[in-house]
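> Residues per chain are reported as follows:
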Amino acid sequence: MLVRGRTVWTFVIAAFFAVFLVFPVGHVLAGAFVVDGKPSLDAFVLAFQNPVLVESIRNSFAVSGVVTLACTLLAFPLALLFVNREFRGKGLFQALLLGALVLPPFVASIGFRQLFARFGSVNLALLELGWIDQPIDFLGAHPLAGVIALETLHLFPILFLNLLATLANVDPSLAEAASSSGASRLRTFFKITFPLVLPGWFAGAIVVFIFALTDLGTPIVFDARNLVAVQIFERASEGSREPVAYALVVLVLVLTLVLFGLGRFAVARHSGAQASKGTIAVRSRPLSRAQAAWVYPLLVLLVIATLLPHLSILLVSISDQWFFTALPQDITARHFGRLATDPIAYLGVKNSLIYASLSTLVDLVLGVAIAWLSVRTKSKSAFVLDAMAMLPLALPGIVLAFGYANGFTSPMWDGLPGPVRAFFASPTVMLVFGYAVRRLPYVVRAADAGLRQIPTALEEAASNLGASRTSVLRTITVPMLLGNLLAGGLLAFSFAMLEVSESLILAPTKDDYPIAKAIYQLLGDLSDGPQLASAMGVVGMALLLYALIVAGRLLGKSLGELFRA
Amino acid sequence: MTAVSISNLTVRYDTGAVVLDGVSLEVGDGEFFFLLGPSGCGKTTLLRSVAGFVEPNKGSIQFDGRDLTRVPAEKRDCGMVFQNYALWPHMTVEQNVAFGLDVRKIGKDEKARRVREALELVRMESFADRHPNRLSGGQQQRVALARALVVEPAVLLLDEPLSNLDAALRLELRVEIREIQRRTKRTAMYVTHDRAEALALADRIAVLRGGHIEQLGSPRELYDEPATPFIAGFVGDINELTGQVVSADASGVVVSGEFGTVRGRVSARGARFQPSATVKVLVRPERMRVVADRAPGHDALRGRVKRVTFLGELLQHDVEVGGGAIVRVLALGGTQSFAEGSSVTLVLDDALVFPT
Chain X
1 MLVRGRTVWT FVIAAFFAVF LVFPVGHVLA GAFVVDGKPS LDAFVLAFQN PVLVESIRNS
61 FAVSGVVTLA CTLLAFPLAL LFVNREFRGK GLFQALLLGA LVLPPFVASI GFRQLFARFG
121 SVNLALLELG WIDQPIDFLG AHPLAGVIAL ETLHLFPILF LNLLATLANV DPSLAEAASS
181 SGASRLRTFF KITFPLVLPG WFAGAIVVFI FALTDLGTPI VFDARNLVAV QIFERASEGS
241 REPVAYALVV LVLVLTLVLF GLGRFAVARH SGAQASKGTI AVRSRPLSRA QAAWVYPLLV
301 LLVIATLLPH LSILLVSISD QWFFTALPQD ITARHFGRLA TDPIAYLGVK NSLIYASLST
361 LVDLVLGVAI AWLSVRTKSK SAFVLDAMAM LPLALPGIVL AFGYANGFTS PMWDGLPGPV
421 RAFFASPTVM LVFGYAVRRL PYVVRAADAG LRQIPTALEE AASNLGASRT SVLRTITVPM
481 LLGNLLAGGL LAFSFAMLEV SESLILAPTK DDYPIAKAIY QLLGDLSDGP QLASAMGVVG
541 MALLLYALIV AGRLLGKSLG ELFRA
Chain U
1 MTAVSISNLT VRYDTGAVVL DGVSLEVGDG EFFFLLGPSG CGKTTLLRSV AGFVEPNKGS
61 IQFDGRDLTR VPAEKRDCGM VFQNYALWPH MTVEQNVAFG LDVRKIGKDE KARRVREALE
121 LVRMESFADR HPNRLSGGQQ QRVALARALV VEPAVLLLDE PLSNLDAALR LELRVEIREI
181 QRRTKRTAMY VTHDRAEALA LADRIAVLRG GHIEQLGSPR ELYDEPATPF IAGFVGDINE
241 LTGQVVSADA SGVVVSGEFG TVRGRVSARG ARFQPSATVK VLVRPERMRV VADRAPGHDA
301 LRGRVKRVTF LGELLQHDVE VGGGAIVRVL ALGGTQSFAE GSSVTLVLDD ALVFPT
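If you read the sequences in order, they're chains X and U.
Residues 1 to 565 in the working numbering are what the first sequence spells out, letter by letter.
Residues 1 to 356 in the working numbering are what the second sequence spells out, letter by letter.
Bear in mind the hints are in silico, worked out from the structure with no lab data behind them.
Heads up, the beta-carbon is just placed ideally off N, CA and C, and yes, glycines get one too.
Any given hint could turn out to be false.
Not everything, but these chain U residues come out facing chain X in the computed CB check (under 10 Å) [what the hints assert, rightly or not]:
1. Ala17
2. Arg76
3. Gly100
Model the full assembly from the supplied sequences, consistent with the hints where possible.
Structure follows, in structure tokens:
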């Protein structure tokens, strides 16, 4: 009975991965490496002969590189400050700076457009002040600059959290040993602290780099077309089956896998820098008066920059009319009300709720099963399934979405009965399972961590009293896991609600639009589309904020650990 | 070489809690000085103040008359050995040891020689190329010691260096540390809560309690002439009996209680004992002998053997005396034991009387 249950679950999980992970990725690989039925690298040659694609690849690398660098320059000094110094309002500043995480850059870019457009708030304010005669075309002239700015503002908190965690884990006596050896502060930093933090930085930087490289939402709003992600999006939307598109997707996939692997390797190799048991955590000193004089203004400035997009979409969402003035003339709550009546907005929210709920359910069931198999049975097959479940962390949405869009509609399915084909090719199925695959790692991790804390003896005690495996799971294990499952599920749900890449690619008709695609559609609507889109963004922001806070509380760990490579 | 002078050192936390309350002490040149005390007594804070990691609110720290109170840690020339070793995980053993020499811009040849010598001193020369995470705890602690010694520091500071090691290794390493300290003749300050370590190694010991020095002296002085019952109990096992003063003169104090009547030495200098005052009589378990029952005098108590425990090298009798108090007596393991339940007499070789 016990063995059969295990086998059944192992089979179900394996089948899920085979259909919704291995198949689409395999389809992409086959499409890139097999041309006209023969193995070939022609697709890659063609891709590198296409000047637009070459420029896009170059642009994508440049954008990701600059974003990673900018995030590092912001996050490193900030993390050092927060770890080493004690000052008033530290907690508040930290919370405000992390606020950027709750606003997907895709939504943030709506607010940014309002601020920096030709007749946006900044230009109008500058004109009014008489500092300029002509509005400056910030976005038109440098669309990539807008992308870089928004991605940096969104991503630097991830690096900041990573560095905070890493710095806090470095045993303070390592630095003390250096200063007692006679090393100056600077020398201690560069010879001891920096090398020890490097792996942690690397792990965070890779997450940032991959995110920037595969982000679709931000460039699409800024109309920056010559980026890899957008090129893939356009080809996927056209249903293009040309090998060049596949090659491009494979390029992104290989790159992210390699980078992700490197990040893992770096962290694994240098785990020795952790603080040993019983050491006092970090000994931070108070900020001196002179330091406070320049630290506070810089922090305030940074917080303003970080929260500017939030403020602007909030303003847009409550503005009645906002043309040719720096600030909206009238405010209204009308747009929030219209979320329930406007067909696109209403359907978007409704669809997303359905997709996200179903995908979270899939994640919870599979997540508990995978975690249970790997923690309690420790079998080889469970290990493989666990590794599979983690793989999507390194799988960009555009890659998976491209694989779904082309794979599930490919002619190779023609032999199957019509209803089966229709099932797999339906946007609902693709979106639900697409979301599920990519958020599964969060749920597995949460369940895994919880399960490790439940002593086996508690389950054994129930079996010993005659409870079946299933009833042990139902009455003992799952109730004790509830907090972790709620946290993991909440994260999976809210990330699915605001997911961008898959949502933009996999929902072709209005009836299937999830929130992200609805927002994208509304942005093109000249009347009050942006206001409605912003209202949806505000709702999403509130949801994500709530989810992150609750999840952090429930998991009892720092948010940084949720955003590691 | 260097003498350390600490005067009126006070350290307070931001919360107002006083960690060190006006501590003053002198450590002689080349002396092996111990800070001993229970956890939270301030011993580590005192050591970290000397190292420069804690800034005192009041008082001063001097090396050979030079005031270092406001001098940053890196300018103090202290070699510190940390409880958790604090070896840099990204450097090899050799690089760890060489770090202080690099800071001091020592030439290549001399650096190589001194690193080798330091590693030889701690018998780690064959591990020079290893990374710390591939060493055992004892090996790591040896490297940490070499790293602290190689710069020939003015003062060597050791913060519970053996507390993370198992018992056998602790014994082995503590002998080595003593040898190395004698050979290098470095002034050293050593923090521990392990009285055996302190008694075995120290030239002098300061016992700290609640942020002040309770007693300062040689291991023998602390053991034989404890200033307070706390010290007596902290540096060794002790039996405690409560009774009333019968008479007191220059030769001692006679105390009587339910246990009987005994004569003890006057403990604290200058303490006066009025007749019928309540006092404590402290006797170390090995300063008593169990003998066959006989008439009691002022050096003896009668009792009944409650339990006999054979400890190998020692033999322990737990004897119930009048009033129900249990007195523990230790003899060498080869000694003949008395049967449990038999009536015996305890002969006191030394007893100390403290006011309550």
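> Which of the stated hints cannot be reconciled with the structure, identified by number in ascending sequence?
1
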